[in-house]
Amino acid sequence: MELKQMLRRIPTLLGSARATMAAFSVRYRMPLVLLLLVGIVAFPHVITGPYYIRVATIMGIYVILASSLNIIIGFTGLFSLGHAAFYGIGAYTSALLATQAGVSFWIALPAAGLVAAAFGALIGVATLRLRAVFLAFTTLGFGEITRIVILNWRSFTRGPLGIAGIPVPRFFGTPFTRVSYWYLVAGLAVITVLAVYRVYHSRIGRALVAIREDELAARSMGIHVFGYKVLAFTMACFFAGIAGSFFAHFQRFISADSFLNTESFTIITMVALGGTGSIVGAVVGAVILTLLPEMFRFLVEFRMVLYGLILIMVIVLKPGGIVGVKGVFEKPKSRRKPWIVEKLTRKPTIPDTTQPQGGTL
Amino acid sequence: MKGIMRFSVLAVLTAVLVLAGCGGGSQQATTGEPETIHIALTAPITGDWSEYGVNFRRSVEMGIDYLNANGGVLGRQLRLSVGDTGGSPQEAATLAQRWTSDPTIVAQIGSFSSSEAMAAQPIFDSEGMVQLSPTASHTGFAPGSEWSFGIVGTQAAEGPFMANFAYNDLGLRRIAVLHLNNDWGIDTARHFSDAFTRLGGEIVRTEFYFDGERDFTAVLTRLAATNADGFFMASFFNDGAAIARQKERIGWDVAFLGPSSLYSPQLIELGGTAVDGLKTNVSFFGDDPDPRIQAYVSEFQQRFNARPNFHAALAYDAIILLADAIERAGSTDRQAIRDALAQTRDFPGLTGSITFTPAGDAVKEYRRLWVNSGRFEIWEG
Amino acid sequence: MLAQQIINGITQGSLFALLAISFAIVYGTLRLVNFATGSLYMIGAYTSFYVVRHVSSNLFVSLAIAAVVGFVMGLILERLAFKSLRGVSRIASLICTIGFSLFLNELAAVVFGRETRVMPSVHTGTAFRIAGTNIIWLQVIMILVAAVIVIGLQLLLFKTKMGLSIRAVSLDYKTAGLMGINVDRTISFAFGLASACAGVAGVLAAFYYNSVFPVMGTLPGLKSFSAAVFGGLTSIPGAILGGYLLGVIENLAVQVISSGYRDIVGFIILVVFLLVRPRGLLGRKIPM
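Protein chains in written order, with our numbering: chain A, 1 to 361; chain B, 1 to 381; chain C, 1 to 288.
These aren't lab readings, by the way, just hints derived from the structure by calculation. No experiment lies behind these values; they were computed from the predicted model shown. Every residue, glycine too, gets a C-beta built ideally from N, C-alpha and C. Any given hint could turn out to be false.
As the list claims (entries may be wrong) - Rough simulated footprint, nothing fancy, chain C against chain A, three-plus residues with beta-carbon under 8 angstroms:
{"#": "1", "region": "120–133"}
{"#": "2", "region": "136–143"}
{"#": "3", "region": "259–269"}
{"#": "4", "region": "306–316"}
Isolated chain A (complex conformation) (with noise of 0.2 angstroms):
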């Protein structure tokens, strides 16, 4: 019984640490903000080991597709199971760009990202007029046929062979290092969850939380639920085509193995451990699970069973991600729904259409 509850006070016990952070940062704001500054300059001096500059690295790509997911399944309340298929769409179209058409990081970076996005919208028309759970089992089935076809298209993408000797991308003439390569993630990485945080609190933003509240009422609204739902199915992808198109360009050799339905589901919990709809819990989910496995290194073949178990722990304990859509670093705005979307989900007569209804057993 002492265990259980023990466990039970863990929330507790996270909220006052969050209270506690939060008054400290409220407290110390623009000291934070060049300690962030300067904590992202110094690191790769501070902490020369290339295995931690390359483990920081891969949590700046996690990042990157986290927060970007975070846009579909957080603010838009859709389910998307198949990140993954366009991380690799942009890291495969990149790694072409470079290795067949000898095309420079820099223009395969954006390029990876618009093909990515090209493709994000035509799966978004396609499917986003699907209920939920049928979205997410598209989506899933996309992760796979891209997948599929990645391994079958042989001629294209040399199939099961994989992609080698992609060339490091030079600035100025100079090759990348590994410390090039960390301030450019993390300047990826700033970007990205700058223009999340944008979107969130601009018009969009608001159309989109609103749709995930209610879609009936913001459709009532003359909120475009349709054309609001692409958009963010497609900006997400964006972000996820350049996440790959980094990580081609990093890691040097790619092939399908890197964009299994797995890696899905590793970016989709990363949302839901740092707390669905929350911009820094998706920056918090990304750092925890990218270092998580990693520390768990010296269990070896236990290690796995034990991040399989934290993660249901947590996830039982606190449902709400550790961070939680009301954490404390978001605009309190956020917590409330608009009032006219409150307003109207308070009369009976609106059936509540965002959750699926039953069936017929």
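Dock chains B and C against the given chain A, drawing on the hints supplied.
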């Protein structure tokens, strides 16, 4: 905006602290014993390929215990660090970075799949550490870097050997091919098919499957409808056993054969009578009277309650070969080890003699083998 | 040859159908896609492996024991995790099923060993021949077991009080609770039932493919999710139909197109099908 900034600061700081924490720990642990020679093993200990990764670990640990019991290498004891990839190429590359940035580690054995080995290759190449893979057979692997070596032998030699076996010894003329759709399976099927066609035979149909599949009835039914007089399966032993059973179930009675990766005592256990008559080849044969092989097999059996297969023997060869190279190099300098390894000539491994080509691939010798009433036997013709 | 492919497809379809039922029951009552279904299938298979070793090599003994083990596993999972997540966050529940799948697969690998284990061949005699194709008893048994389970489930749902509760909860669990139905017990029971179905499928697969290994549930789990979607996700007859259709389509795809595309032919047909008919084959029409 402020919120994010504030939080990110904390997140980065925490991450830095945690990373610094891990770093401090492992540094201390490694500098304590300068006497040992530190070797790394990268393998899929968890995930879909863990069955093979676990065998790697068993064999390499056995090899290290054997070497240490016999005075070690250069008079120093060997020490092993094991890293699990979970089957992910990205993790193999992260491990590569970890091993290369640890100054005590002199060389790495691994990984299992070519995808993992190739993802790690750029790091080993730029940092300068030997990457000795027991099983990676991708044509681009060993030639990809002067630091990469593969000892399994490319399919360029095994394919023609099997084609010759099929055409001349078994008298087959029309063969249907089924292969695992990964780099290894494609290569195996291609080299076999090319050589078989050159001899004058005909490949009537080629089909493939993805790993994880266990239902082969559909594809076998399709292959059975051809007029093939032989069936070549480029599979690992557990898929191979399932294919043989399902082939028997649909009543396709045809001579069948496959590459050395089918050689495993488990093939017979899993395949039962369905694998009787299967022709394959080996460079490692567990029933070989050679005392070294018998010693290895009986110790493996005693320690792990299982008989070693081809992949396990390759991993054992990898560690013994690496120790031999360190001995020949006379130092634990990474460059010296690479140079000594590249000079390897006629190293007597359990999987046959190993000589590296200038690219770093091994040239192997093969022996014809078949399954005769539930036992692997050397094919006498 | 076509006949042979259809029979292969139907046999495989029986496994998909049972797993699809498992998906449909959980989705029907909890609105949750249970990604741990494949792991429960694997646990059923390992149960039969140990039953064959230590109790009896009879297929039906394995089926009965695995059904009980599956039911209990389902209850445990539901009580441990999903109960506290009910109504809180659907994405949390979904992540939880993914977590369980990872955890159970790796735990099985650690506990049972990572190598593929062999199962004995049983009932492999020829039952009869159709269009020049052998059909073995095991295939007949697999189809019969699936049929018995479907009939049993329909009886349970429509003729018993528990069935009525499950149907009520599946329509609206809050109202059902207000009407005096013990929602917790009903959902636990339904979850157990779903897990038992997955376990039974695992036993059949273990005997049919003569092998068990820790990750054996991953691919069938994914494919039978499509089968369940095919049928509309909330309908048991739909799940059955979806399972058999998927089995047959896949096998015909190998025959007609190529073995490389078998895994996605089902997906592609489904996506197109859903665009035309978003509620699935037998799913209820959803206002949206």
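Check your understanding: Looking at the structure, which of the earlier hints fail to hold?
Key -> Violated hints: none at all, because every hint is consistent with the structure.
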